[in-house]
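Chemist: The primary structure of each chain is shown beneath.
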Amino acid sequence: MQRTTLTQEPMVRLTGVAKRYGGGVVALDTLDLDVTKGEFVALLGPSGSGKTTLLNIIAGMTPPSWGSVHIAGSDVTQLPPSKRNLGMVFQNYALLPHMSVYENVAFPLRVRKLAEKDIAEKVETVLELVQLAHAKQRLPRELSGGQQQRVSLARCIVYDPSLILMDEPLGALDKKLREQMQSEIKRLHRTLGTTILYVTHDQEEALSMADRIVLFHQGRIVQQATPADLYFKPRSVFAANFLGASNILSTTAVGEGIAQLKSGEPIQIGSGAPVSTNHPVKLLVRPECVRIERREAASRAQGTNSVSGRIVSSTILGNVTNHHIVIADGHTVMAQELTRRAAQDWAPGEEINLTWAAADTRALEPDEMEV
Amino acid sequence: MRETAATANHATWVSHCANAWAWFGYAFLVLPTLVIIPMSFNSTDELAFPPDSFSLRQYETFFLKSDWLSSTFLSFKIAIATAVLAVVIGVTAAYGLARSSFPGRGAIVLFLLSPMLVPVVVVALGLYLYFATLGFSGSALPIIVGHTLVAIPFVIITASSALRHMERNIEAAAMIMGASPFQVFRKVTLPLLKSGIIASALFAFLISFDEVIIAYFVGRAGFSTLPVKMFSTIQWEISPVIAAVATLLTILSTGICVLVTIIMDRK
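Protein sequence lines, in the order shown, are assigned to chains L and U. Yeah, the first sequence ends on 371 if you go by the working numbering, and it's all consecutive. Yeah, the second sequence ends on 638 if you go by the working numbering, and it's all consecutive.
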């Protein structure tokens with residue numbers, strides 16, 4: 001959205017950055033990463049995957065074992081956090097508990113020795129922006145979690161840092177407040193055009209907020225792409241499983257763009273990693289792409305995969321209904337459809353066929369860790 | 372249902388008994404101290420209980436007619452010096468230990484807390500021999516050093532607990548917002564540790580003010596602190612003034628403890 005012009009210098013450039021701790025623990029494997037000015041990048045991954053370590057390296061809280069960090073074109077690898085001119089929002093807010101909201105927001109301006117008049121003006125403007133002008137004399141502990149996080153956002157944007165780092169900023173909030181804050185952060189990002197690096201383990205958050213998602217697993221970047229590309233074109237089993245629900249079929253390639261299940265049923269592959277004949281290949285089919293049809297009525301059209309199965313259970317989860325089906329090779333596959341009153345009732349034990357478009361079938365690279 | 376009710380009844384009965392025992396033990400320990408208070412208002416020339424009259428004669432003697440006051444001032448001076456020294460050393464040590472990890476950290480913690488583990492009389496004897504060689508007669512310094520030594524572990528423990536309760540990210544956040552390490556310490560760490568520091572200073576003051584053994588071993592002629600003077604007084608004469616002194620000491624100690632509790636609670 002904000003990626004209007006490509007400046008020659010990226011806002012953040014990490015070159016060969018790695019972090020190793022004593023005893024050979026690899027927190028972060030050697031990686032390169034560029035972040036464009038104004039971009040909203042989510043660092044997504046399970047806990048312990050290295051995303052927070054990376055954020056701390058950029059902030060200057062943790063020195064990298066190797067590699068260099070450039071911010072806005074200059075090498076900051078050796079600079080202390082206070083000299084990097086960036087902002088950080090923490091999960092637990094990290095507000096100064098002995099200062100009022102006003103003083104908290106004024107703090108970065110005071111350490112920069114601004115005139116009292118300018119401080120007052122800037123603080124008022126920013127508090128207005130996060131809708132907390134009425135609470136400026138209160139202490140952090142007198143505010144709700146959402147309000148505290150808004151103070152910590154205000155305290156970040158007040159000194160106009162070139163880059164804002166956010167470490168699971170909404171992790172401590174309940175679901176409803178989280179969604180509200182997500183759109184608030186997006187709004188601030190749009191209005192201010194700041195570059196944001198956002199650490200989260202919540203895939204929905206990453207999908208809904210980021211311009212680009214960088215997916216971490218065991219200290220490595222496994223894939224980086226726009227939310228849509230990451231969802232529709234995951235490269236590995238890990239990426240497919242981490243974002244959204246997925247059915248992973250274990251098959252063997254039998255030719256160009258065609259594989260077969262252990263039951264012998266052929267599956268046409270639409271996209272993904274190249275396959276080599278007679279080698280095992282994992283295929284991804286998203287549950288919402290799978291349709292259940294009566295066995296005799298099942299489509300046999302070219303470009304459609306059809307596999308026989310038996311209904312195990314159906315669960316209504318509100319607006320969607322999940323059906324679990326055992327297919328001929330013994331694996332369970334999930335089919336998802338919108339819940340409708342008129343929808344066909346499938347009884348457990350019923351013999352059916354599952355169909356999906358060949359285009360919705362994606363071959364995945366085997367995970368390195370699994371080999 | 373009846374069984375559970377019976378168990379519950381039994382449990383409350385047991386807890387009542389335990390409470391009663393605790394109060395009994397407490398009374399047993401505290402009453403002898405409290406007995407001193409009415410004794411201090413007696414007008415006779417000997418310690419007696421129950422007192423047969425009420426007067427402020429002992430207090431008059433303490434404040435106006437004796438050399439008790441000079442000992443009291445000495446104790447105050449030593450206790451204040453101890454509090455300042457112990458806080459400066461103890462808080463910086465606690466801060467350094469809390470904010471770093473290095474091999475041998477545990478050994479340093481143990482070393483710093485060791486004055487608490489060694490019997491005070493051993494510390495006192497060591498200091499006595501040490502200062503006898505150095506020769507610091509005619510000064511309160513040996514007592515101050517000795518008291519600082521035993522107060523430091525308490526300061527470290529109080530300050531460490533205050534540091535542990537402090538969110539570490541707060542200092543990181545201040546640093547990222549552009550504050551220099553000195554600004555972080557002065558504007559963030561110090562204000563947040565304030566109540567812990569005040570509490571540990573009061574503790575150090577109290578430890579020094581009450582301490583007899585070290586003060587007795589290393590204090591020279593003319594440098595008897597209040598507790599030492601009390602101790603030597605009861606060896607020669609049983610003057611009822613001592614009851615007045617003890618009462619004043621109790622009030623001071625209790626006052627400081629209440630103050631510490633209020634300060635710690637306010638957090």
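Treat the hints as calculated values from the structure; they're not laboratory data. Treat each hint with caution, since some may be false.
Below, in silico cross-link-like pairs of lysine to any residue (SDA-like), each with a Cα-Cα straight-line distance of 20 Å or less [what the hints assert, rightly or not]: (1) LYS448(U) <-> GLY626(U); (2) LYS37(L) <-> TYR159(L); (3) LYS436(U) <-> PRO611(U); (4) LYS113(L) <-> GLN131(L); (5) LYS233(L) <-> GLY303(L); (6) LYS113(L) <-> LYS558(U); (7) LYS83(L) <-> GLY626(U); (8) LYS558(U) <-> PRO140(L); (9) LYS136(L) <-> TYR159(L); (10) LYS558(U) <-> GLU103(L); (11) LYS83(L) <-> LYS558(U); (12) LYS558(U) <-> THR332(L); (13) LYS565(U) <-> PRO97(L); (14) LYS558(U) <-> GLU116(L); (15) LYS565(U) <-> ALA469(U); (16) LYS176(L) <-> LYS186(L); (17) LYS565(U) <-> LYS262(L); (18) LYS558(U) <-> GLN137(L); (19) LYS558(U) <-> PRO80(L); (20) LYS558(U) <-> LYS186(L); (21) LYS558(U) <-> ILE568(U); (22) LYS83(L) <-> LYS565(U); (23) LYS558(U) <-> GLY303(L); (24) LYS565(U) <-> TYR159(L).
Chemist: The structure should be examined with respect to each hint, and the outcome stated for every one.
Modeler: Okay, the hints, checked on the actual structure:
1. LYS448(U) <-> GLY626(U): 18 Å, holds
2. LYS37(L) <-> TYR159(L): 17 Å, holds
3. LYS436(U) <-> PRO611(U): Holds, at about 14 Å.
4. LYS113(L) <-> GLN131(L): 26 Å, violated
5. LYS233(L) <-> GLY303(L): 19 Å, holds
6. LYS113(L) <-> LYS558(U): Satisfied, since the Cα-Cα distance of roughly 14 Å is no more than 20 Å.
7. LYS83(L) <-> GLY626(U): 47 Å, violated
8. LYS558(U) <-> PRO140(L): With Cα atoms ~16 Å apart, LYS558(U) and PRO140(L) stay inside 20 Å; holds.
9. LYS136(L) <-> TYR159(L): 17 Å, holds
10. LYS558(U) <-> GLU103(L): 11 Å, holds
11. LYS83(L) <-> LYS558(U): 18 Å, holds
12. LYS558(U) <-> THR332(L): This hinted pair is violated, its Cα atoms lying about 60 Å apart.
13. LYS565(U) <-> PRO97(L): 13 Å, holds
14. LYS558(U) <-> GLU116(L): 17 Å, holds
15. LYS565(U) <-> ALA469(U): Roughly 16 Å between the alpha carbons, so the hint for LYS565(U) and ALA469(U) holds.
16. LYS176(L) <-> LYS186(L): 16 Å, holds
17. LYS565(U) <-> LYS262(L): Outside the cut-off at roughly 70 Å; violated.
18. LYS558(U) <-> GLN137(L): 18 Å, holds
19. LYS558(U) <-> PRO80(L): 18 Å, holds
20. LYS558(U) <-> LYS186(L): Violated: LYS558(U) and LYS186(L) sit about 32 Å apart, past 20 Å.
21. LYS558(U) <-> ILE568(U): Holds. LYS558(U) to ILE568(U) sits at ~15 Å (cutoff 20 Å).
22. LYS83(L) <-> LYS565(U): Violated: LYS83(L) and LYS565(U) sit about 28 Å apart, past 20 Å.
23. LYS558(U) <-> GLY303(L): 68 Å, violated
24. LYS565(U) <-> TYR159(L): Roughly 28 Å separates the two Cα atoms, so the pair is violated.
Violation of the numbered hints given earlier is confined to hints 4, 7, 12, 17, 20, 22, 23, 24; the remaining hints are satisfied by the structure.
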